[in-house]
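Model the placement of chain Z on the given structure of chain P, informed by the hints.
From first to last, the protein sequence lines stand for chains P and Z.
So the first sequence is residues 17 to 174, counted in our numbering.
So the second sequence is residues 16 to 154, counted in our numbering.
Hints in this document: simulated from the structure, not taken from any laboratory.
Heads up, simulated DSS-like pairs for lysine-lysine below, C-alpha to C-alpha not over 25 Å straight-line:
{"no.": "1", "chain 1": "Z", "residue 1": "Lys54", "chain 2": "Z", "residue 2": "Lys143"}
{"no.": "2", "chain 1": "P", "residue 1": "Lys111", "chain 2": "P", "residue 2": "Lys132"}
{"no.": "3", "chain 1": "Z", "residue 1": "Lys136", "chain 2": "P", "residue 2": "Lys27"}
{"no.": "4", "chain 1": "P", "residue 1": "Lys123", "chain 2": "P", "residue 2": "Lys136"}
{"no.": "5", "chain 1": "Z", "residue 1": "Lys143", "chain 2": "P", "residue 2": "Lys26"}
{"no.": "6", "chain 1": "P", "residue 1": "Lys98", "chain 2": "P", "residue 2": "Lys123"}
{"no.": "7", "chain 1": "Z", "residue 1": "Lys136", "chain 2": "P", "residue 2": "Lys26"}
{"no.": "8", "chain 1": "Z", "residue 1": "Lys143", "chain 2": "Z", "residue 2": "Lys39"}
{"no.": "9", "chain 1": "P", "residue 1": "Lys123", "chain 2": "P", "residue 2": "Lys54"}
{"no.": "10", "chain 1": "Z", "residue 1": "Lys136", "chain 2": "P", "residue 2": "Lys29"}
{"no.": "11", "chain 1": "Z", "residue 1": "Lys136", "chain 2": "Z", "residue 2": "Lys54"}
{"no.": "12", "chain 1": "P", "residue 1": "Lys136", "chain 2": "P", "residue 2": "Lys111"}
Some chain P residues judged to face chain Z by a derived CB distance under 8 Å, without partners named:
{"no.": "13", "residue": "Val47"}
{"no.": "14", "residue": "Val51"}
{"no.": "15", "residue": "Lys54"}
{"no.": "16", "residue": "Phe93"}
{"no.": "17", "residue": "Asn129"}
{"no.": "18", "residue": "Ile149"}
{"no.": "19", "residue": "Asp151"}
{"no.": "20", "residue": "Lys161"}
{"no.": "21", "residue": "Leu162"}
The following label-pair restraints were derived from C-beta to C-beta distances:
{"no.": "22", "chain 1": "Z", "residue 1": "Leu121", "chain 2": "P", "residue 2": "Ile35", "range": "23 to 31 Å"}
{"no.": "23", "chain 1": "P", "residue 1": "Gln24", "chain 2": "Z", "residue 2": "Leu59", "range": "25 to 33 Å"}
{"no.": "24", "chain 1": "Z", "residue 1": "Leu59", "chain 2": "P", "residue 2": "Ile97", "range": "53 to 61 Å"}
{"no.": "25", "chain 1": "P", "residue 1": "Phe42", "chain 2": "Z", "residue 2": "Met41", "range": "45 to 53 Å"}
{"no.": "26", "chain 1": "Z", "residue 1": "Leu77", "chain 2": "P", "residue 2": "Leu41", "range": "19 to 27 Å"}
{"no.": "27", "chain 1": "P", "residue 1": "Asp18", "chain 2": "Z", "residue 2": "Thr29", "range": "47 to 55 Å"}
{"no.": "28", "chain 1": "Z", "residue 1": "Thr72", "chain 2": "P", "residue 2": "Lys29", "range": "31 to 39 Å"}
{"no.": "29", "chain 1": "P", "residue 1": "Ser25", "chain 2": "Z", "residue 2": "Lys54", "range": "27 to 35 Å"}
Idealized CB from N, CA, C, for every residue including glycine.
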Amino acid sequence: MDINKILQSKKFKIAMGIIGAFIALFLAFGVGTIVGFKKANFSFRWGENYHRNFGGPRGGFFGEINGRDFIDAHGVFGQIIKIDNATSTPSLIIKGRDNVEKIVLIKDNTVINGPKNNLKPTDLRINDYIVIIGDPNDAGQIEAKLIRLMPAMPMMNR
Amino acid sequence: MRKEYEKLFSHFTTIEPSEGLLDKIMERIKREKRLLAVKRRLVLFSLSLIASAVAFTPVFNLVQTDLSESGFLQFLSLAFSDFGIVVTYWQTFIMSLLETIPAISLAIFLGVVLTFLESLKLLARDIKIIYGHQQNFAV
Chain P
17 MDINKILQSK KFKIAMGIIG AFIALFLAFG VGTIVGFKKA NFSFRWGENY
67 HRNFGGPRGG FFGEINGRDF IDAHGVFGQI IKIDNATSTP SLIIKGRDNV
117 EKIVLIKDNT VINGPKNNLK PTDLRINDYI VIIGDPNDAG QIEAKLIRLM
167 PAMPMMNR
Chain Z
16 MRKEYEKLFS HFTTIEPSEG LLDKIMERIK REKRLLAVKR RLVLFSLSLI
66 ASAVAFTPVF NLVQTDLSES GFLQFLSLAF SDFGIVVTYW QTFIMSLLET
116 IPAISLAIFL GVVLTFLESL KLLARDIKII YGHQQNFAV
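Next comes chain Z alone, as it looks inside the complex:
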């Protein structure tokens, strides 16, 4: 009985998986894993973007206050009003600027700006990846 069945089925053509199916499945799994990592990064960059955007105004105000209170802008203005004398006494002028520059608040401000721009760049890249992925696998 069994032999007869085997004989019967031997007349049907067997369905073979297409060539490279395993590779395709593995590739798809890899993509999904990458997509998951990208989605996690998306949350992280969104948070850092929001945090830096919120911090921008108070830090900007801090820099503005420090710049005007330290006298840095007044010293800097000499470069425009008394250029010739500033060139003659450039070492003294540079020292007066270095002494009054609000380095800490400027560093914080630039850090916030850098964080914002980097987050924006990486966020845009990740959104592009996710959008591209959705379009590729849209049914």
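The shape of chain P in the complex, shown without the other chains:
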């Protein structure tokens, strides 16, 4: 049988398409698993440390987090509701989507950009809207890599 004929056949193309679809499916599943695990892990840490970070009950005031409500671990977008510059590692409390508060630590290597670049933690103000990317730590906090000051977002006040 001619191998070229097989390679050019419609059945071969369909088989290749199915294999490609399965690869995409498995990749998406793998990525989803990783992201889900990270979010679940951070949500657990956040809940476990809630009483230490915010002074409320373990698991937060709204009870245990479940299902699709897991908290984003590598970033937050929202409004500053508290700034603590007194400690050696300044921190912010951000009210993100669904009114979940997150503690963001500002490390020495954290870059803060806004209308001007390389701002200092003292340049941030309560009620400022910011976007942060960073890595989660074991205390349910985010160690910021980049903080970007944003213009006010009216929809966030809902």
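For chain Z alone, kept in the frame of chain P given last:
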């Protein structure tokens, strides 16, 4: 008497069916069957085209709401405003995007768009077939 008639008719030339008439008839029957199937498909694709066109606006609004509420667009905007830092911390950036991407509503939206485009393509093909068929057999 009968023999005389037979003798009389043997002088006439008999009409023979043209060569390939059976094939032509069979081909025409096949075409009509195909046309019927195409017409049925036409109804199906018309319905799916209308359904996807109607669903487009609410699904688009859903995606827009999810994109803005999840913060995905704000995170994505960092790639334009702080490109250098995003490149340095690309893994963190990618994770923040993956965590906030509204995958379900985006999948539904893309499904609706795909259904619309596929229906449009198949509908156009079927209309062409029917139009071509009518022109071929126009009296």
